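Chains as they are written, first to last, in my numbering: chain A, 3 to 319; chain B, 3 to 319; chain C, 3 to 319; chain D, 3 to 319.
No lab work stands behind these hints, which were simulated from the structure alone.
Since the model is a prediction, treat every value here as computed from it, not as a measurement.
Among the clues, some could well be false.
Chain copies aren't distinguished; within one or between two, either way the pair holds.
[What the hints assert, rightly or not] List of simulated lysine-lysine pairs, DSSO-like, C-alpha gap at most 30 Å:
(1) K313 - K15
(2) K314 - K99
(3) K293 - K58
(4) K291 - K316
(5) K109 - K316
(6) K172 - K38
(7) K293 - K279
(8) K184 - K279
(9) K178 - K133
(10) K109 - K99
(11) K38 - K279
(12) K174 - K15
(13) K178 - K313
(14) K13 - K133
(15) K291 - K313
(16) K178 - K14
(17) K133 - K99
(18) K109 - K291
Number of protein chains: 4
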Amino acid sequence: MPKKSSNGSVKKKVFAYLGPVGTFTELALAQVAEAKGQIWLPVSHVQEAIDLVLSKQAHRAIVPVENSIEGGVSATLDALAATENIRIYGEYLVNVKFDLVARPGTKITDVRTVATHPVAYAQTRKWLGEKLPNHHHLPTTSTAAAAAELLESDIAQAAVAASTITDHYKLKVLAKNIGDNKNAQTRFIQIGLAGSMAERTGGDKTSVIVELPIDRPGALLEMLEQFAARGVNLSRIESRPIGDRLGRYRFNIDVQGHIDDDAVAEALKGLHRFSPKVIYLGSYARADKEKSVHEGNNSNPEFASADAWLKKLKSAR
Amino acid sequence: MPKKSSNGSVKKKVFAYLGPVGTFTELALAQVAEAKGQIWLPVSHVQEAIDLVLSKQAHRAIVPVENSIEGGVSATLDALAATENIRIYGEYLVNVKFDLVARPGTKITDVRTVATHPVAYAQTRKWLGEKLPNHHHLPTTSTAAAAAELLESDIAQAAVAASTITDHYKLKVLAKNIGDNKNAQTRFIQIGLAGSMAERTGGDKTSVIVELPIDRPGALLEMLEQFAARGVNLSRIESRPIGDRLGRYRFNIDVQGHIDDDAVAEALKGLHRFSPKVIYLGSYARADKEKSVHEGNNSNPEFASADAWLKKLKSAR
Amino acid sequence: MPKKSSNGSVKKKVFAYLGPVGTFTELALAQVAEAKGQIWLPVSHVQEAIDLVLSKQAHRAIVPVENSIEGGVSATLDALAATENIRIYGEYLVNVKFDLVARPGTKITDVRTVATHPVAYAQTRKWLGEKLPNHHHLPTTSTAAAAAELLESDIAQAAVAASTITDHYKLKVLAKNIGDNKNAQTRFIQIGLAGSMAERTGGDKTSVIVELPIDRPGALLEMLEQFAARGVNLSRIESRPIGDRLGRYRFNIDVQGHIDDDAVAEALKGLHRFSPKVIYLGSYARADKEKSVHEGNNSNPEFASADAWLKKLKSAR
Amino acid sequence: MPKKSSNGSVKKKVFAYLGPVGTFTELALAQVAEAKGQIWLPVSHVQEAIDLVLSKQAHRAIVPVENSIEGGVSATLDALAATENIRIYGEYLVNVKFDLVARPGTKITDVRTVATHPVAYAQTRKWLGEKLPNHHHLPTTSTAAAAAELLESDIAQAAVAASTITDHYKLKVLAKNIGDNKNAQTRFIQIGLAGSMAERTGGDKTSVIVELPIDRPGALLEMLEQFAARGVNLSRIESRPIGDRLGRYRFNIDVQGHIDDDAVAEALKGLHRFSPKVIYLGSYARADKEKSVHEGNNSNPEFASADAWLKKLKSAR
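Please model the entire structure based on the sequences and the hints provided.
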């Protein structure tokens, strides 16, 4: 139940998101059930959104974590690695559809400069190269900022932005769905302070960040065996530099299952012994709603049965 | 403290061993501290010794389990696999030294037939072949029985037996230490009913029997990974047929450490989930007194620390 | 084609086997197509048969290697490990059926002493214990020797022997098929000098003996990974003591496939680098005629394609 | 030896690099011995540099591949994955030192807007946040472009650029070495058409891109075992999305050793069988000059010895 403020009114919760309005992140936020009717606060950097959560100025932050074309979002991955105090509470998939938009009255033949975020530019470059071979690219901090730019100056004649941008800005669509890959998706996560946890649903995901022991050949293999020995499947592994020197990586890992699945819990404990640093990022429902299965007799009842067996053996003395 | 019988006298415990007196097993029994002053009961088969334990007619049984030349003692390994109700309480090493003995007055040139157990014969065959090229072998059920035979009939003129046989029989040594391998050793175990356990000493061994899932290529590798993932080292692995058909084996495994070492306990639980059948045979002090070490941060304090970490993570909700 | 001797007659080949006539080994020899019409030479020890091959007095030796109840035949396994000069040319399965036989005129109630080989005794002990609870056991060097014994002395009144024994000795069957396990089988191998090889049939087996690097925890796991990395499945692994001291084992390994399967060849080379000692025992058709499959894209065409790819990469300079 | 053109003059080779002049990439190019005295051609995109190589308009391209703070350079990694026709011929490390530069006469207190590439901005954000808390960021396509911008317009009052920028532009240094991490490095690679290869030096690196078989849990572990089984150590593994849908990754892998190291060659062949797609990117000298060692008896002489052994076994027929 929402908290009430001192004057008796219900106090709304702040959901920070990578804005401005009209970004793909806003589409992700729209999928968050708990955010309905709460305060949606656009910010301009991933780190800013996370900082608002850490300082309790925001209840939650919605940020992109991975794009099917571009890969991991470094800013998010690095922010997650910088603190042990935050958790992931959910994930959301957004289909990435780009339109070419312009001020009303603009024709496609008028376009010499296209404003957009570099990532959006990379994903529409083939289309732009074919249809507008002589265009220039004006980098902006977001696709929504590119759209806004059109209304503020005439440096650019068109912008590449999310299809929903026309809900927010009075712009005209010059071309629809111009992305080079029509199936492109971005995955977003909901981040909050540690201290609560999404319930186990049976179709869950657990995220961790793991560093490897230094100068130990085969350390990555050994780390993966911590999961394999408990039948826990990885759905994602992504390396990021630790940053102190070249050749040192941490791994962002998503596995099937919840911390309340014993197989996952025991694998986490294995990682804690094995690794010089493990950050637990949380367990939450999978966006694709598929079941999380632990292979090779590693279900909770089988863990319970093994526990009971061991206890009986140990008590016989 | 020894129990007292109804008439007030202390009731002695029965230690069954593979006899008769004068066998290597008796030398192993002599190493068992708790057996001092108790009843030593020689029996003629491993299974008989174990049956006496199972029926509580004997407190413990001392039987050979492995010989450095001959390998595992099948009778013992198979008896261990046939019940879940017994435990190993200790292991003992005996140097295997064979003498050629004869009735007083016999000269080596008189020897035409040599009585001994087939295993002892196999281990002295080279010496016998060189010194007595035309001898015959009379198989007996033990080396001590071979010595006894000399005093009962004149079929054989000499026997191969343990060096200590002359403490029991009035026989003469024709040749000392005639074994082909001077470093031969036999390992013996002390077996009792489940219900008690040797304390963790820090230099321990744990024995299990494990069957593999059927028709799963790589199952042995997966089983070994249950140990590797917890840094538990194997000191012995020996296959024995399950007996139902060719190609089906169970594995007798000794690992470093005690069931009270968390690394061992967790590996046992992993086996219990993985394997269709695991028999826990016990944890007991190593005969060689070496320390049992668990590699890769798998000591008890590190397990405790990982447990505490996980509990904290799980409680945050 | 059989060789001709100097006087023009065809010179027959000698097939040594673990005799005497009437043993299970003779039944295995009867399955060896090339042995038809050749000389069948019974010997009394496995080592003797192998020695005849090594000294070229016998063309081949047929010896037992594994029994579904008793496990590996130590004498054979140890003889194979003692030389690099012999090869396995085939394997043969024999169903182990035991009968209780006696001199004509003997009734089962007359039987006080039963002669047989200790292994046969172990496999019929349950039946004997029930039907002849007060019998004594007279150990003999083979089941056929036990049968022969009946005709030579009256120490024993009955013998446990192969069902086919009555083809060789004038004895009467007191009870048929008295084995405790009705599905018991023994596997035999045909051994010859290195220098020839059974052709690849697509349903083959390759046997090796491998020692592990000393004092390297996880060495067994690493050894098995040499097979796994090439998709080669093990059908048998059996440890045998090296013999120099307790705790040192060599492994007798059978894998699916022929040395002419590239997956097997590369795994063998991997073992050669990894292990301080590998003995190649040969590649030969499986007795069960099943296909040998290499998992995970490890067929010969896939090896050839990878080779071609690498050669192309390396030649580009 | 340089080729001569038709008119007898020596024809110079084109080395394309991520420009403009004054970028860190130019510092990497300066380390390329073969580039001395040749044509240095700055381009504005990684893909453009690679396209010039593919179309033979450039002999080689020098592009960044990895930064110790930011991680892999997606544009380079994705360009490498898009063709099998290019090879890496060398790698070069550049220490990343950023200066804040401005038009002569500018004081630090004048700075309201800072122009720089987003990656450089991310790496100096802490310093800028402290010293210029109210600044705005103007994104540019490179740090050198940011410097150039200062001389073309007055939108920005300062730029963050490589320390060497003042060799190229008449600018003043407002603050030196303002990077948040003083040890930051970027690794660059020299790319050319396939058809030639850097010689094995004994201190080499081999780069590949590997896709995993679909929907096979544990596929990453299996892939890594292809290296482990030959004692080949990974120095880098980095995942990149394949791009067709979320959850599908390819792995950019650097291993120790040269394709002329047998251990590496055999591991490559293993990958070719295992993976639906492997791209070989080349073998080249390590920038850090350290030796490439293959663990566990996997040197070339040991491979040769294993080959000879196998050939002998196979020829015996």
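- Quick one: K178 to K14, C-alpha cut-off 30 Å, is that within a copy, between copies, both, or neither? Classified as neither: same-chain Cα gap 37 Å, cross-chain 46 Å, threshold 30 Å.
- Message: At most 30 Å between CA atoms: does that hold for K293 and K279 within a copy, between copies, both, or neither?
- Response: both (29 Å within a copy, 29 Å between copies)
- Task: Give the relationship of K291 and K316 under a CA distance limit of 30 Å: within one copy only, between copies only, both, or neither.
- Result: between (40 Å within a copy, 23 Å between copies)
- Up to 30 Å CA-CA - K279 versus K38, copy category: The answer is neither: 37 Å in one copy and 45 Å across copies each exceed 30 Å.
- Query: Is it within, between, both, or neither for K184 and K279, if the alpha carbons may be no more than 30 Å apart?
  - Reply: between (39 Å within a copy, 23 Å between copies)
- Pop the pair K314 and K99 into one bin, within, between, both or neither, using alpha-carbon distances up to 30 Å. Result: close neither inside a copy nor across copies, 59 Å intra and 42 Å inter.
- Please work out whether the CA atoms of K133 and K99 approach to 30 Å or closer within one copy, between two copies, in both situations, or in neither? Within one copy only: 18 Å inside, 40 Å across.
- Task: Tell me, please, which holds for K178 and K313 at an alpha-carbon limit of 30 Å: within, between, both or neither?
- Result: neither (64 Å within a copy, 48 Å between copies)
- Query: Which holds for K178 with K133 at a C-alpha limit of 30 Å: within a copy, between copies, both or neither?
  - Reply: within (13 Å within a copy, 44 Å between copies)
- Is it within, between, both or neither when you check K293 against K58 at 30 Å Cα-Cα? neither (33 Å within a copy, 51 Å between copies)
- Message: Please sort K109 with K316 into within, between, both or neither, judging by C-alpha distance up to 30 Å.
- Response: neither (80 Å within a copy, 54 Å between copies)
- Up to 30 Å between alpha-carbons, please classify K109 paired with K291: within, between, both or neither. neither (43 Å within a copy, 57 Å between copies)
Comparing the model with each earlier hint shows violations of hints 2, 3, 5, 11, 12, 13, 14, 16, 18; every other hint is respected.
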